[in-house]
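Student: Spelled out from the first residue to the last, the chains are:
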Amino acid sequence: MPEESMAAVVPPLAPPTEPRFPPYDQRLLRNGLTVAALRRVGVPLVEVRIRLPLLAGKPKSRARADVLSETLLAGTERQDKVHIAARVQGLGATLSVDSDDDWLKISGSVLSSRLYDLLELVAEVLSGPTFPAAEVTGEAARLAERIRISRSQAGVQAAEALAERLYGTHPYGLGLPDPGEVSRVRGAALRAFFAAKVAPAGGSVVLVGDSEPQRLLDSAETALSGWTGEEGAEGGRAKPPRFRTDGPLLLVDRAGSVQSSIRLGGPAPRRDDPHYPAFQLANLVFGGYFSSRLVTNLREEKGYTYSPHSMVTHHAACSQLTVQADVATEVTAPALLETHYELGRIASLAVSQSELDDAREYAIGSLAVGTASHAGLASTVASLLASGVPATFLVEHPARLRQVTVDQVLEQARRFLAPSRLAVVVVGSADTVSDPLHALGSVERG
Amino acid sequence: MWCSEGPVAARWCIGTPLAVVSSVVTSPSFPVARTTLDNGLRVVVSPDRSAPVVAVAVYYDVGIRSEPQGRTGFAHLFEHLMFQGSVNLEKLAHFRYVQASGGTFNGSTHLDYTNYFEVLPSNALERALFLEADRMRGPRLTEENLANQIAVVKEEIRVNVMNRPYGGFPWLWMPEVLFDTFPNSHNGYGDFVDLENATVADAEDFFHRYYAPANAVLTIVGDVDADEALGLAGQYFGDIPSRDAPQRPDFAEPDLSGRRRSTHPDIHAPSPAVAAAWRVPNPMDLAAYLPFVVLNEVLTDGDAARLRRRLVSGDRLATALSGYIGLMGDPFDVRDPTAYVVQAHHPSEVGVDRLLAAMQEELDALATHGLEPGELDRVRNRLTADLMRGVDGVLPRALSMAVAEQQRGDARLLERMPELLRSVAAESVREAAATLQPHRCAVLEVVPGGGPSDA
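Quick note, the sequences are listed as chains D and H, same order.
Mapped onto the working numbering, the consecutive letters of the first sequence carry residue numbers 354 to 799.
Mapped onto the working numbering, the consecutive letters of the second sequence carry residue numbers 3 to 457.
A hint or two may mislead.
Claimed, not checked - Okay, the calculated bits of chain H under chain D, using three or more residues with CB under 8 Å as the criterion:
hint, segment
1, 88-94
2, 143-157
3, 266-272
4, 309-316
5, 374-382
6, 385-392
These are calculated hints, taken from the structure and not from any lab test.
As the structure is a prediction and not an experimental result, all values here were calculated from the model.
Ideal Cβ placement from N, Cα and C applies to all residues, glycine included.
Work out the full structure, taking the sequences as your base and the hints as a guide.
Tutor: Put into structure tokens, the structure is as follows:
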């Protein structure tokens, strides 16, 4: 606890109520889709999360994958874009398509009584998207413009520079597609790409709502089993990357910046790694939550930055640690120094038992809080299944967190949080921050 | 006119009728227990035993509009100071207690209120109530904490506004186009000069004036027994001394009498953007206000929405388009005066006037011809379902109930909403569209310039 002397006035915690694993069932459809259904009491809606393997490993396929997700809902043999959108509205539903490094993701939410109708619409779309020429050309141009807008953000530039540094030519290093490549995508190429790449095998569907899991699964099976994809179609899976974390700090100039976007990155254990719980707690103590050392130091003591933090993202083939802080230009070097100090400290010295206990309670509690809504539970389970982690993680993980010791935290911090094991990228006013950064180590201009 | 514009609109006219779906929405039911403590604090409790978590929210009836002149950004700065320690708690203690209980927390500053909230495992309910009560009793306002949080807020403004393309667009820049009086028109994040001039005395005065129990609402939603939670609220908050709630000024201003236009230069923006805003009826008058909420759905939500079809898919004048009521995006958390805003990103080759003219044509077409068959039903279904999506989980429900209780004395507004939306007639939506005239419109353009160009 923060202040021993407060213990007298701050109420103690009541005995905890252990979260129960929600009623759950899972079914493998004959087309190769895995459907998981969970029941939660709550709003009369069902949340839908679909992930289909779609590895876009080259710049051209990345461009196609992005245009594909923009235009998948642009028409079928039976109806055009406006009819599809109107149908979705009438069901009280939302339906969106997105793609990332590993997946084509279809997310929706629908009034419970209309789940079947929404899934039937999804099956219709997946069974025969027409990618009308005018829609594809128009959306490709629009997407190219939006990529230019995204790239004007310091955070996006920093994330892309870090990914390239960490992964090189591996698909995870690609970043956003090139706007020129995107604007050249045409309907015919997209139809061929879809036919070759998008298939049910290896995909997952997660449904969360206030209905018996069996009923949810029956709806999904009836609606989605007919979608088979083209024969031989395969989305592909990324190979595990080799992280590159050595080399000098990469400094990227961004004209007119009033802040520096500092990013440090490296590998992290996957969620099914036995060391993940200890790593997760080490990361929390370091910078993974507001009570962490990084926030206390950089924000609450020094006032260098608004929201410094350290987080883990999970790809299909690996997990990644990112430490980030957007700091005033004039304190760029001091902020990086303090970040290195906190990394070095947690990698060299054991955390205190109370720091560990606080982080542990936060990890356990925030898992319960994060899954206490239809949408939160659906997204969490979809992410787990995509990484090949069973949904029982939700109840087994807290028990594993309770076993973690101070020594295990130190061991994982030394492996993954040591400053010598992280690549560093800074995006900002390069001419202003270059000399101060040189004082801390070698710098390469990007 | 509608049918002659663009390939998508044309198909709309000759194709089969769009799906006609009758109302499929039933009203949700959320139990509510309420009380008012002797010191004037209003308490709302809504049990939901579906998961062992609970949300606690405290809403103070003071926001950006109540900032003193020369102290722009002060309501937000003060929100930061409420996390810097309180009567019984050192700096850093508040959020450490929340997180070490397994919870998460935040606060936010809006035009008409400032809120503080946490969501935690339900065994931490008493602790959360203690923490909120302790800062309602009094924050620790020191020179050191003030200087630290001024620095943090400046970095917040840098990361969200100054260093970001379209930062603050349009919510920070539109008010000064749309309004004339200081409370409504100033920048809510504040000028750096004003922030740097803030003093501990200012903060003490602000707290005393606006953070009285009688000026606040407490909501508790989640894994609790209603009577027990009401009892705990009384136990922890009941002995906070009473002081008078301030009289809320009337912030009303006359409507615009002619179109206004303004530009905002943005060195980081690679391409232009534009926002158009019109004043709307007082949100407390739901009969007059709800047609605008429905109208926005008709115009901007999804690929079947009229402005998206015309401007984004059809004529390709805009690369992104969105619309909302209330400058901060939520139609049900704002008082009068407020506005309906449509914003769009567009390529440099597309002139703003051309885009605005096309938008006006669509508004005029709706005002003249009214809604298509089936259009009202489908947008009402989506709107009602969206409201439920918005309260999936105890925290958003606690926030929604708190603001409804504070501004309308009606924590159960949400439950009535499906019925209220069903009562909105097609004719009222047409009439709402007819009010969106050029002479009542405030236009804000983002002018790109000075930033790096994309090769």
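Student: Each of the hints needs a verdict: does it hold here or not?
Tutor: Outcome of the hint check:
{"no.": "1", "hint": "88-94", "in the structure": "holds (count 5)"}
{"no.": "2", "hint": "143-157", "in the structure": "holds (count 9)"}
{"no.": "3", "hint": "266-272", "in the structure": "holds (count 4)"}
{"no.": "4", "hint": "309-316", "in the structure": "holds (count 3)"}
{"no.": "5", "hint": "374-382", "in the structure": "holds (count 4)"}
{"no.": "6", "hint": "385-392", "in the structure": "holds (count 5)"}
No hint from the list above goes unmet by this structure.
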